[in-house]
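Residue numbers (the numbering used here), protein chains in the order written: chain Z, 1 to 640; chain S, 1 to 90.
It cannot be assumed that every hint is accurate.
What the hints assert, rightly or not - BS3-like, lysine-lysine: derived pairs with alpha carbons at most 30 Å apart: (1) Z:382 / S:13; (2) S:43 / Z:601; (3) S:43 / Z:631; (4) Z:262 / Z:215; (5) Z:564 / S:13; (6) Z:373 / S:43.
Don't read these hints as lab results, they were simulated from the structure.
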Amino acid sequence: MIYEVSNLAIIIFLFIVGLVLGLSFYFARKTKSSASYYAAGGNIHWAVNGIAFAGDYLSAASFLGICGMIAYSGYDGFLYSIGYLAGWVVALFLVAEPLKKLGKYTFTDALDSKFNSKYIKLTASISTLIVSIFYLIPQMVGAGDLVVPLLGLPHWMGVVIVGSIVIFIVATAGMTSTTYVQFIKGTLLVIFSTILTIYILTNGLSLTPNDNYHKFTQTQALITNDTIVSTTDPAFVVKNTRVVDKLIFVKLEKDGVDCWYKLNKKEDKATLEEMLYIVLTPNGEKLYNGAPKSENKFYQVGHLSKIVVDGKEVDKTGPVGPFEFIKTIEKSEIVRFSKKAFTDGEDKITVWYQNPTKGEDVMKPGLLYKLSKAAGASFWDKLNFLSLMLALFLGTSALPHILIRYYTVPSQRAARKSTIVAIAAIGFFYVLTLYMGLGSMISGALDVESSNMSAPLLAKTFGVGIFSIISAIAFATVLGTVSGLIVASSGAIAHDFIDKYLQVEMTDKAKVKAGKMAAVCVGIFAIILGILFKGMNVSFLVGLAFAVAASANLPAILFLLFWKKTTAKGIAWSIIVGIVSSIGIILFSPTMYDKYGLIPKDAPIPLDNPGIISIPLAVITLIIVSLLTQKENHTKDFSK
Amino acid sequence: MLHKPATNTGTDKAAAKKAKLGVKMFFVYTLVYSGFVLIGLTKPEIMGLELIGGQNIAIIYGFGLIVLAIIMGFVYNYFCTRMENKMNKN
């Protein structure tokens with residue numbers, strides 16, 4: 001897709017980035033001690049911390065990823081919203097206050113508070129680093145996706161810009177500036193998502209998303225002896241057919257240009273329907289709908305094919321209320337664009353064909369995660385769904401960059417209150433994701449090459465102004481979350497590993513310097529990964545980070561708090577088993593096989609979400625090792 | 001060497017009672033959340049049934065889980081604050 005760059009977009013983008021950098025300069029002068037660098041001195045007000053929690057949590061995965069998933073897969077994308085929020089219940093009821101009492105700067109501090117164990121220091125710092133990096137990848141991918149339409153820059157440049165700015169923020173001011181960046185960004189994100197939702201409802205539903213929306217053509221196929229010989233439009237010449245998963249794709253030639261159509265057979269009628277397609281030739285040339293990308297023949301898509309209000313078909317609805325919007329979509333029919341890939345000689349073809357889907361199917365689970373027998377759900381499909389919902393529920397309270405935010409407030413009461421503020425803000429935002437996702441689905445706003453851009457591109461249909469603001473906020477979203485993750489990672493390296501595990505003697509000033517150097521290294525690593533993982537849905541990637549966190553960290557936290565027989569070795573081995581099993585399953589999953597360029601069906605483990613196996617494995621390991629090492633159990637009672 | 005927390009939070013006499021309440025409320029929410037997951041796993045077609053005001057079970061249950069988390073958060077805070085004020089008075 002080619003995007004026109006607007007000066008307004010650039011000005012607003014520069015303003016937001018300038019604001020973030022200005023804050024960093026301001027707070028850099030105040031960051032002298034390690035307490036200030038890692039925990040903002042423990043003096044942040046609970047309300048500010050609560051919104052900063054929301055800022056941390058509502059990352060690229062929430063705004064870009066979930067909206068994109070809903071736009072392409074309906075309710076299945078909303079499952080992420082439900083699961084992500086439910087995870088905060090675990091944080092509030094079980095983790096917030098005890099963790100505030102136990103920890104100092106990092107998640108490792110809390111785990112090790114009862115034991116002073118080298119095993120815990122080492123494994124927990126590695127776990128923090130791995131989970132943070134898993135979480136960093138989607139943020140960087142999202143940043144790259146954003147700059148393409150916002151600034152007209154290539155994906156890799158977006159990743160480099162975010163990486164560089166964040167390294168600067170973290171290496172100058174640490175947790176204090178990160179907190180205020182998150183506070184501002186969290187506030188702006190919720191406010192402007194609300195405005196975008198109001199736009200969607202005011203606009204209502206229409207069969208014609210906008211005046212420039214491409215009208216997809218059709219032609220009748222003439223079939224003899226089960227072979228397509230010609231079409232009713234004499235301009236087309238039939239060249240070739242390909243059958244992929246029972247779908248028939250036909251290569252036609254018009255005015256010397258090859259184009260792909262999909263054959264639809266209904267009773268005696270055979271219709272050829274226009275699609276979006278990309279042809280990758282052996283010499284590396286990419287043709288978008290038969291032409292180079294610069295000719296702009298690749299359209300934004302997504303529309304309603306039928307709108308039903310009170311049992312009658314209408315062309316448009318006018319403004320609708322929030323419940324009426326959902327109800328109307330449920331009764332209507334939406335044209336989604338589904339992807340298939342195949343080869344034609346030496347050419348690699350990717351097509352997106354029109355897939356009319358009943359609204360009632362869009363508004364319940366099943367388009368992405370096959371669950372019913374009618375949809376052909378297998379045992380593994382159901383296990384995948386269960387595994388995802390388990391990891392989302394248990395992952396939040398095991399994310400190191402979220403947990404360290406409990407050390408920035410002065411008391412347990414403040415920790416609890418800030419969690420409740422976060423739940424309210426995040427919950428409200430997640431309700432909005434359903435409207436933004438569905439709005440994108442029907443507004444002709446989708447770029448089929450990047451599901452992550454659905455919400456910002458939806459904003460663009462309402463005007464360049466709102467698009468620029470929303471995109472700049474989304475960019476700030478990435479900046480804030482990446483800052484938090486890099487603070488957590490630098491804490492794991494400099495504080496947990498170098499200071500506590502290796503016991504390198506350092507002055508307080510040297511500790512801050514070590515943290516900043518670690519931040520620079522992690523930032524550079526994140527830039528490289530962000531470029532390598534281009535094209536993946538950011539919410540899916542974050543789902544994997546949740547699974548690793550829930551497997552490696554949560555059993556350790558919960559057993560430390562609620563089971564007196566827990567030992568240091570039990571915690572350390574549980575973390576190791578959690579990390580190895582979850583990452584092992586991910587590396588051999590169908591999605592990763594696809595990423596390696598292999599056939600997904602050949603993956604040895606037919607599971608994309610590892611939690612259902614790796615979390616119980618970590619729990620069992622913790623119990624067995626703890627019971628076997630009871631003689632070494634020297635703990636300090638922190639229960640009072 | 002055992003380190004100290006970042007800030008001195010003092011002794012909280014209500015800690016044990018709050019923890020018990022937290023565990024109870026966690027199980028209540030987990031039960032409701034599990035119900036949602038179980039329906040999805042065993043009878044996904046039920047999710048599409050219309051319940052109130054033209055909205056199906058998937059929407060009402062999904063929104064309900066989000067709203068319930070917020071309400072339970074406020075209820076938990078109310079009781080915890082009351083316990084803290086009462087037990088930490090002296």
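Evaluation of the provided hints:
no.	hint	result
1	Z:382 / S:13	45 Å, violated
2	S:43 / Z:601	26 Å, holds
3	S:43 / Z:631	49 Å, violated
4	Z:262 / Z:215	16 Å, holds
5	Z:564 / S:13	20 Å, holds
6	Z:373 / S:43	10 Å, holds
Of the numbered hints listed earlier, those contradicted by the structure are 1 and 3.
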